[in-house]
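If you want the building blocks of each chain, they are given just below.
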Amino acid sequence: MVNLKHILSMRYNVPVMDNNYALYKTMLIIRRFEERLLAEFSVGKLVGTTHTYIGQEADAAGIFSVTNPEDVVFSSHRCHGHFLAYGGDPYRLAAELMGKSTGLVGGRGGSQHIQWRNFYSNGIQGGIVPVATGMALAEKIHRNGKITLVFIGDGTLGEGAIYESFNIAALWGLPILFVLENNGYAQTTPVEKGVSGSMAGRFAAFGIPVWECNTTDVLEIQSSALEAIQHVRSEIKPAGLILHTYRFSAHSKGDDLRSQEELESIQAFDPLKLHSPRLTDEERTRADSEAMAIVEDAFIRAGADLNPSLNTTG
Amino acid sequence: MADTVLNRLNQALFSAMESDEHVYLLGEDILDPYGGAFKVTRGLSTKFPERVLATPISESAIVGLANGMALRGLRPVAEIMFGDFVTLIADQLINHAAKFRWMYNDNVRVPIVVRTPMGGRRGYGPTHSQSLEKIFLGVPGLKVIAPNTLGDPARLLSAAIADDDPLLFVEHKLLYARPLLESGQGELTEFKIQMSAKAYPNFVLSIPNYGPHLTIATYGYNFELARAAALEMLMEHEIFTEIVLFSQLSPFDLEPLFDSLQKTRKLLTIEEGTQSLGWGAEVIARIVEGNNDLGGYKFRRMYYLQA
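Chains as they are written, first to last, in the working numbering: chain A, 1 to 314; chain B, 1 to 307.
There could be a bad hint or two in this list.
Result set (DSBU-like, lysine-lysine): computed pairs, CA atoms no more than 30 angstroms apart in a straight line [unchecked claim]: (1) K237/A / K47/B; (2) K263/B / K134/B; (3) K47/B / K140/A; (4) K253/A / K25/A; (5) K140/A / K39/B; (6) K173/B / K192/B; (7) K266/B / K134/B; (8) K39/B / K198/B; (9) K193/A / K253/A.
The set of hints was computed from the structure by calculation and includes no laboratory data.
Can you build the whole structure from these sequences, using the hints too?
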C-alpha cells in the first residue's frame, strides 16, 4: 500500500493538510482558464480552434500532484489542463492561444502545439505515442530516473501507431505511463461506436499492467496515478492509467451534438463539486479568488502583448 | 579495387557510433549475423550491442521512437527496410520530425536520419521497387539527401548524422555494389569535376575545352546512367554534355544548374520516379521562374513511368 501522505509531504516539502487545497486550486485554475478562453472566443477576441478540459480537471490535477518536476510529458490536442497542472504559466499559455510573441512557442503553435521545459504537445492523434515512447527510451538510456507520460483519449484507440508503441514499450521495458482519458466521445462519435472490446484488455494484451478509475474524484485518481507512476519508475516498465471521465464542453467549440438532458446529467460528476466539501468555506473562498485573479491577470497581460512580426510565422 | 557505396555507408555508421555515444541505430532485422536486408548495418550490433536496436515490423514506431530520442538528446539513425514503406512513416516525418523545431519556436532540435533504399531493377516487384522520395520534397523542415558514386557516401552520411535537423537519406539499391569513382580515372577520364563546398555537395562534370550542347541534371543512381549516356553521345555523336549531379534534393538549391544552362540552354532531368510533380518538374519550374528570357531553351524530363 502506498503511503500517499508521506510521499507528497516528502516531495513538496509542504504540510500534508494542503493536499486537498492544492488539488482544488489546480482544478479551479484549469476550469476558470478554459471558461475564460471560451468567453474570449465567443466575443471574437480569439480565433481558430481550441479543445477545453472542462469536466476532466481531476485527471490532470491528480496525476501531476504525484509526478516529479523533471518527468517528461507528451500531451495532445486537449493539453491546457495538463499544462496548467504540470505547473505551466497561465499567462504564457494565454499568450500562445492569442498568437502573441510572448506565447510559449512565440505564437507559432497555438492551442494544440506547445512546449515548455519537459512538456510537449501535438495535435496529431496517435502519432505522439511512439514519439513519447522514444523519449522514455532516451531517458532510460540517460539513467536519470525520469519517466514519460503520454496522454491519449478513447478516440486515439482507433490509431494503429499506439499499439506499435505498446508492443515496443513492453518488449524493451520502457518507463512510460500511457494515460487514457475516456471522456466518452471522439469529437462527436460516442465511445460505443468507436471502441470495441475492452480498454484495459488492450494493455493486457501486451502484458502492460493497468490502473483504472471509474470516478472523477481527484483523490482516487491521485492515489491510482501514484501507484501507476511508482510502478513505472521503480520497475522501469510501462503502465496504463485509464481514467473514465466526462467532457462538459464541446469537443472544440461548436460541435456538441449531445442532448441537453445528457449534458445536465453528467454535471453530477463535476470534479470540483465532488472535491469542494473537503475544504473549509474559507479555503474555498480563497481558492476562488486566487484562481480568478491568476486567470484574469494571464489574459489581461497576454492581451496587451505584441503580435509576432509577420516574417516569423507561417 | 575501389571501395563500394555499401562499404562506405557501413564505415560512416561505424565512425559515427565510435565518435559519438549519442548515435543509435534502429530498424528491422539489422542485427548480426543478418546485418540488415541490404547489409548496410553489418557488424555494428557486434561492436555496439547496446546501441543497435532491432525493432518489430513497426515503421511508424521506428521513426516515432527516433523522433522522441532526438528530442531528448540522442542522435538516432533509423533504417526503413524498403523505401516503399515511407508511406507508413509520412505522419512521423511530416507532422512530427519536420514540424517540431519550427512549431516549438526553435526550442528543440530533431537530429534524426531515416535511411532507406529506393529504386527498381532488382526484381522485387511493384511494392518493393518504387522511388517515392518525391513525396517528401518540399516538406518544410525536412532535408532529402541522396548519395552517389562521385561524392563519398560516407562523408554524406556523416554530415547527415551530424545535422541538427531531420533528414531522409535515400539510397538507391543498385548503388550499394557500385565502386566509388576516382577523379581523372576510368569513366571519369574525360571529365573535369567541380564540387561545391557544401555539406551535401553538388557536382558539375564537364568536358574541357569544348562548349557543352546539353545539360543533364540528376541524382543518385541515375548519375550512372547519365554518365554512360554522356560518354556515348561524346564518342558516337560528338555531343558534349555537362552533368550537374545533386546530393541534396530538398530544399532545392540549383545554383550550378543556372550557370550550365546559360551555356547549353537545353536541360534534361533524369529521375527514376514517375513523371508528374516530381524532382525534375520542380527543377524545370525553378529554371523557368529564374529566367526572363527563355528564347531557345528546351526542357525534357526522363522518368520511369508516365503517371
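Hints and how they fare:
1. Note on K237/A and K47/B: the hinted pairing holds, with a Cα-Cα distance of about 27 angstroms set against a maximum of 30 angstroms.
2. Restraint check for K263/B and K134/B: the C-alpha separation of about 28 angstroms stays at or below 30 angstroms, so the hint holds.
3. Restraint check for K47/B and K140/A: the C-alpha separation of about 21 angstroms stays at or below 30 angstroms, so the hint holds.
4. Restraint check for K253/A and K25/A: the C-alpha separation of about 25 angstroms stays at or below 30 angstroms, so the hint holds.
5. Of the supplied pair hints, the one linking K140/A and K39/B holds, its CA atoms being roughly 29 angstroms apart against a limit of 30 angstroms.
6. Note on K173/B and K192/B: the hinted pairing holds, with a Cα-Cα distance of about 27 angstroms set against a maximum of 30 angstroms.
7. Of the supplied pair hints, the one linking K266/B and K134/B holds, its CA atoms being roughly 23 angstroms apart against a limit of 30 angstroms.
8. At roughly 28 angstroms between alpha-carbon atoms, K39/B and K198/B fall within 30 angstroms of each other, so this suggested pair holds.
9. With a C-alpha separation of about 22 angstroms, the suggested pairing of K193/A with K253/A holds against the 30 angstroms cut-off.
Hint violations for this structure: none, all hints satisfied.
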